[in-house]
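Asks: Listed below are the residues making up each chain.
There are 2 protein chains.
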Amino acid sequence: MALHGKNRIGFELLAASEEFVHSYDPKAGKALDKFYLATEDEVALALDKAAQAFDSYRYYSGKRKAEFLEAIADEILALGDELIETAMKESGLPEGRIIGERGRTMGQLRLFAQLVSEGSWVDATIETAQPDRQPLPKPDIRKMLCPVGPVVVFAASNFPLAFSTAGGDTASALAAGNPVIVKAHMSHLGTNELIAGAISQAAEKTGMPDGVFSSLNGRGSSLGQALVKHPVVKSVGFTGSFNGGMALYRAAAQREEPIPVFAEMGSVNPVVLLPGKLKKVAEEVAKQYAGSITLGVGQFCTNPGLILGIAGDEMDTFIRVLGKEIQAIAPATMLNEAIHKSYQEGKKKMLEQKGVQLAGAAKDEEGNFLGVPTVARVSGADFLSNPGLHEEVFGPFSLVVTCSGKEELREVILSVKGQLTSTIMAEENELSDYQEIVYAAANIAGRVIFNGVPTGVEVCHAMQHGGPFPASTDGRFTSVGTDAIRRFARPLAYQGFPEDALPDELKSNNPLGIWRKVNGELTREAVAGEVYI
Amino acid sequence: MALHGKNRIGFELLAASEEFVHSYDPKAGKALDKFYLATEDEVALALDKAAQAFDSYRYYSGKRKAEFLEAIADEILALGDELIETAMKESGLPEGRIIGERGRTMGQLRLFAQLVSEGSWVDATIETAQPDRQPLPKPDIRKMLCPVGPVVVFAASNFPLAFSTAGGDTASALAAGNPVIVKAHMSHLGTNELIAGAISQAAEKTGMPDGVFSSLNGRGSSLGQALVKHPVVKSVGFTGSFNGGMALYRAAAQREEPIPVFAEMGSVNPVVLLPGKLKKVAEEVAKQYAGSITLGVGQFCTNPGLILGIAGDEMDTFIRVLGKEIQAIAPATMLNEAIHKSYQEGKKKMLEQKGVQLAGAAKDEEGNFLGVPTVARVSGADFLSNPGLHEEVFGPFSLVVTCSGKEELREVILSVKGQLTSTIMAEENELSDYQEIVYAAANIAGRVIFNGVPTGVEVCHAMQHGGPFPASTDGRFTSVGTDAIRRFARPLAYQGFPEDALPDELKSNNPLGIWRKVNGELTREAVAGEVYI
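Protein sequence lines, in the order shown, are assigned to chains A and B. The first sequence begins at 1 in full-length UniProt numbering and counts up one residue at a time. The second sequence begins at 1 in full-length UniProt numbering and counts up one residue at a time.
In case anyone wonders, no lab produced these hints; they're calculated from the structure. A couple of the hints might just be wrong.
For chains that are exact copies, the list does not tell them apart, and a pair is met inside one copy or across any two.
[To be verified] In silico lysine-lysine, BS3-like type, Cα no more than 30 Å apart, as pairs: (1) Lys63 with Lys138; (2) Lys517 with Lys30; (3) Lys417 with Lys138; (4) Lys30 with Lys324; (5) Lys279 with Lys348; (6) Lys63 with Lys517; (7) Lys138 with Lys280; (8) Lys27 with Lys354; (9) Lys507 with Lys280; (10) Lys34 with Lys347; (11) Lys517 with Lys507; (12) Lys279 with Lys354; (13) Lys6 with Lys406; (14) Lys406 with Lys30; (15) Lys229 with Lys417; (16) Lys138 with Lys279; (17) Lys417 with Lys507.
Please model the complete structure; the sequences and the hints are all you need to start from.
Replies: Shown next as structure tokens:
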């Protein structure tokens with residue numbers, strides 16, 4: 001099926017502009033289809049439709065929203081091979097990865113469907129009245145989470161499905177009851193068009209209002225800024241670079257009505273190798289990490305870009321084996337030209353810094369935008385004195401830091417900025433000797449891993465994907481897992497309301513059977529006793 | 001006991017500055033004691049001590065933090081009459097109010113003590129491993145809330161106890177495990193000194209680290225800005241004016257590492273009078289609201305500054321009775337000179353606007369900084385065309401808007417900005433006819449009240465005190481009630497950690513007996529079955 005290249009604005013397909021861009025096949029190095037950039041009128045229409053849709057969609061029951069989310073998953077699957085081929089072509093990623101990512105995307109949609117269908121996510125909290133309390137009567141107060149309004153989602157380059165058009169941000173924002181406007185990523189406009197069509201199809205089939213979803217083509221600096229600055233927009237989800245995320249964050253904070261921007265901006269994800277572990281299995285750990293560093297051409301926000309240990313024979317063994325392993329891994333095409341260019345420049349700059357030595361690099365090959373796996377080493381002292389070494393090189397690169405001892409290791413950990421993850425590779429029995437190190441690693445990160453690799457972000461209730469700044473703009477929230485819905489909801493309290501006028505979630509007889517905190521106790525029971533309103 | 005006028009920096013009392021200010025008795029119109037402004041060195045020391053204290057305090061158990069909070073409540077009570085007299089003198093508020101507010105302050109501290117002693121507030125979420133899952137094994141992940149770091153609290157003028165030095169912001173930040181630095185409010189420096197001494201005493205008695213609490217004297221524009229911009233500070237609590245809150249918010253957002261400012265900036269708290277209610281009890285409602293408008297000289301963030309209804313005989317009756325009631329209420333001294341000046345100017349400006357008519361005012365009397373209760377009326381059309389009428393006049397003033405019908409009433413509600421509260425005065429049986437009105441009122445506010453008054457903010461689990469901007473900088477959080485603790489905590493996930501290295505809250509056997517979400521189900525039981533890590 002040929003792609004139409006238009007903007008999807010609610011249930012309409014529009015392309016009044018004469019300005020267009022081409023999608024691109026990074027592996028073959030050739031232009032693909034034509035996509036029209038959204039005009040100002042089209043942007044205004046999408047915003048207007050979103051505001052209109054919010055007026056009804058915000059009151060849809062959890063069950064209805066679940067039907068919509070499930071239908072999106074079904075429609076995505078129904079796109080079949082065309083989706084897989086388009087995403088592979090546009091991203092340069094292999095079939096297995098894209099099929100896996102489609103599964104993850106559908107899994108996320110179904111998980112949020114389950115969450116809102118069950119309904120307890122609204123954190124219903126009820127305090128019943130005490131009319132006779134002294135010195136003042138206590139009123140009946142009941143609180144629950146409700147949606148905030150239209151959400152703008154910036155699709156991510158490195159997850160063309162799971163963190164893009166129908167990815168975690170979209171799924172959680174829709175689940176909470178908010179219309180979504182997606183700014184398509186320039187790196188996979190065809191994939192976006194297919195997915196946006198699937199969402200629109202699902203919305204029509206399940207009776208959602210026009211404008212509950214739109215997808216626009218355009219540049220971050222123009223379309224992106226315009227969306228974030230518009231008064232109708234109440235929240236923003238973003239996954240991408242530090243500069244991109246901060247540009248949106250600053251624009252949103254300077255609005256007359258500031259709004260939150262949940263930007264997940266990646267990090268270097270330090271890995272701490274403790275001596276006992278290295279003594280036992282230095283080679284094994286090196287092999288494990290060669291795999292993690294180069295997974296998906298190193299294009300994960302959780303890619304381990306920094307490996308820390310204490311200088312010595314075991315550490316040398318680790319570095320030697322890691323270097324050897326890295327040499328044997330074939331370079332692969334990166335997501336797009338800009339990412340490849342920035343990888344080349346970042347790596348070059350890193351290798352020129354004082355004290356940095358190459359520890360191993362794969363052979364360069366013929367091919368487009370190849371990311372050549374590379375590892376380097378530097379001393380703890382040099383690392384501490386050079387903040388340039390703390391920066392992320394997005395791609396299959398990792399810097400190994402050899403520290404003089406436990407104290408310097410702790411200093412190095414605390415010197416790096418906020419991180420999505422940190423990892424401790426250790427024998428269980430050495431943890432008590434290194435408690436300060438474990439504490440330090442936990443305190444700088446949103447997720448701390450023991451004897452594993454940071455890549456691979458499980459979509460579940462317990463996931464925290466979001467760390468202290470600059471890993472994210474707001475480390476109090478996660479962009480992966482069910483708690484991601486909390487970004488797009490706010491509490492609303494009802495005081496002294498009659499039963500009939502309360503939302504079902506807050507009615508005394510608990511018709512939805514959800515978990516609620518009633519007078520301080522979690523329960524799924526109806527509110528007991530006489531209720532004074 | 002004479003006041004020393006010094007800054008409390010951890011366990012030290014310092015006053016190296018030659019710059020000082022006097023506290024002030026607004027009723028008597030005379031200067032009281034001398035207070036030294038914090039020097040740059042003293043500010044730096046307080047920040048340094050807070051950072052140091054965080055390194056240990058963050059790991060204190062809920063039980064130990066509860067002891068500290070309980071001890072603060074005890075020490076505040078032990079201040080006895082000196083506290084009551086000082087607060088009365090500095091605020092101009094009557095004894096009953098100050099004694100009530102002390103009770104509320106102690107109640108808040110004990111409520112947070114109970115919350116962290118019980119422990120479930122950390123939202124522990126556990127997903128156990130599935131090593132055999134296809135296509136990839138599922139890791140063991142466990143998440144809980146942990147403290148964020150030193151918090152700066154700006155004491156509020158209108159609650160010299162309950163939202164100041166040991167108020168809700170301080171109590172919730174300490175409960176979460178964060179050191180607190182208070183910027184004392186210039187309006188009650190003596191009250192601050194006494195309370196700060198009580199907190200310090202409690203900290204020493206219960207073995208808290210030096211620097212877990214400091215209190216500094218200084219101006220918002222210098223000390224306040226310096227604190228908010230300092231990298232050690234990770235979060236800010238503020239209650240006060242829109243301009244004051246936004247100055248801090250903008251400064252915090254422009255930091256290299258942006259931090260959240262939870263500013264509760266007040267609102268006009270619209271009250272909607274539905275016709276059925278007025279038909280039945282217009283006089284009663286008018287009397288009830290005359291009381292609410294003038295409570296505490298109108299100096300509550302939930303003061304009803306805007307009353308909306310549909311034009312007609314009943315509305316006229318309401319306005320007439322309200323005007324008469326207001327005339328009979330004696331003016332009283334406002335909190336300070338600045339608040340009084342701003343009340344006078346705001347009221348004057350309001351009464352000069354097109355279409356605004358005086359509906360009743362109390363007689364002016366001899367006295368210092370008297371807030372004269374005043375109500376005015378205006379048509380819905382004039383209100384809609386003049387955004388100046390939407391602004392808050394902080395004090396005992398309320399504007400009554402008479403709308404031409406249901407549709408204009410809805411328009412008026414939706415035209416006002418975000419609010420802390422909105423109120424519906426109605427007969428139960430007319431709610432279904434006015435559903436759009438109820439929806440509109442709920443959508444602009446953090447708390448919607450049925451047949452009550454917005455003043456009186458219950459401290460409980462279900463309270464939401466924080467609304468859409470500009471009522472608060474972040475309507476997703478509350479500054480009153482137990483959920484206020486969420487402002488000062490972030491989730492941290494542990495992946496694959498051995499039992500011994502996990503915090504107690506996340507250990508499989510649940511030694512603290514807290515509520516946890518285990519594999520999607522809320523339970524207080526230990527994690528069942530074999531646990532693969």
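Asks: With reference to the structure, classify each hint as holding or not holding.
Replies: Results for each hint:
1. Lys63 with Lys138: between (34 Å within a copy, 28 Å between copies)
2. Lys517 with Lys30: neither (58 Å within a copy, 50 Å between copies)
3. Lys417 with Lys138: Classified as between; 29 Å across copies, 46 Å inside a copy.
4. Lys30 with Lys324: neither (34 Å within a copy, 80 Å between copies)
5. Lys279 with Lys348: Neither. Shortest intra-copy (32 Å) and inter-copy (79 Å) distances fail the 30 Å Cα cut-off.
6. Lys63 with Lys517: both (22 Å within a copy, 22 Å between copies)
7. Lys138 with Lys280: between (63 Å within a copy, 25 Å between copies)
8. Lys27 with Lys354: neither (35 Å within a copy, 68 Å between copies)
9. Lys507 with Lys280: For lysine 507 and lysine 280, the Cα distance is within 30 Å only across copies (27 Å; inside one copy 59 Å).
10. Lys34 with Lys347: Intra 33 Å, inter 60 Å, cutoff 30 Å: neither.
11. Lys517 with Lys507: both (13 Å within a copy, 24 Å between copies)
12. Lys279 with Lys354: within (29 Å within a copy, 83 Å between copies)
13. Lys6 with Lys406: Close neither inside one copy (58 Å) nor across copies (41 Å); limit 30 Å.
14. Lys406 with Lys30: Neither, since 51 Å and 60 Å both go past 30 Å.
15. Lys229 with Lys417: both (29 Å within a copy, 17 Å between copies)
16. Lys138 with Lys279: between (64 Å within a copy, 28 Å between copies)
17. Lys417 with Lys507: between (46 Å within a copy, 29 Å between copies)
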